[in-house]
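> Per my numbering, the sequence shown starts with residue 48, numbered consecutively.
Incorrect hints may have been included.
[Said to hold, decoys possible] Pair ranges (Cβ atoms, derived):
#1 Val110 <-> Arg85: 36 to 42 Å
#2 Val142 <-> Asp98: 50 to 56 Å
#3 Trp164 <-> Ala76: 23 to 29 Å
#4 Val142 <-> Arg89: 20 to 26 Å
#5 Val110 <-> Thr81: 41 to 47 Å
#6 Ala122 <-> Ile84: 48 to 54 Å
#7 Val108 <-> Arg144: 49 to 55 Å
These aren't lab readings, by the way, just hints derived from the structure by calculation.
Every residue, glycine too, gets a C-beta built ideally from N, C-alpha and C.
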Amino acid sequence: MLRLDLYVDLQRWLPMEHGAERKSGNGSASEAYTRDIRAERRSVREALRSDLPAARRGLGVTVIALVVVAGFAGARWTLIVAGALTAWFVLALAVMRIGSARGRDAVRRACIATFGWGNWI
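Full structure from sequences and hints, please.
Rendered as structure tokens:
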């Protein structure tokens, strides 16, 4: 009984366009929700998309950062950071190889996965 009362109260507060959409049969609320979610996900994918030039930029910044770390902290920390980045690249390459990528395509995708953040600098 409480659910029915809550549903009736919610129907009263819904904006008019949703009520008109429901009555006209142009689309249900779930179809509108699905359409909105798809549009939102598409915009997020576009914003997070990365490509090879961005990966090259990220690699260049990484090399410069490693040179700066080597100048201030010495070779030990430089090797630790370089080793961590190499491990990340090897992991990304293994994941790409497990998937459908082969050869140069796998290396390109792993490079984008590792250094693609260069798009945001």
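> Does the Cβ distance between Val110 and Arg85 fall inside 36 to 42 Å?
holds, 39 Å
> Between the beta carbons of Val142 and Arg89, is the distance compatible with 20 to 26 Å?
The hinted range 20 to 26 Å holds for Val142 and Arg89, with Cβ atoms some 24 Å apart.
> Starting from the range 41 to 47 Å, see whether the pair Val110 and Thr81 falls in it by beta-carbon distance.
holds, 45 Å
> Taking the beta carbons of Val142 and Asp98, is their distance inside 50 to 56 Å?
violated, 19 Å
> With 23 to 29 Å as the target window, see if Trp164 and Ala76 comply at their CB atoms.
About 38 Å separates the Cβ atoms of Trp164 and Ala76, which means 23 to 29 Å is violated.
> Does the Cβ-Cβ separation between Val108 and Arg144 fall within 49 to 55 Å?
At 26 Å between Cβs, range violated.
> Taking 48 to 54 Å as the stated bounds, is the beta-carbon spacing between Ala122 and Ile84 within them?
Roughly 50 Å apart at Cβ, these two residues keep to the hinted range, so it holds.
Checked against the numbered hints given earlier, this structure breaks hints 2, 3 and 7; the rest are met.
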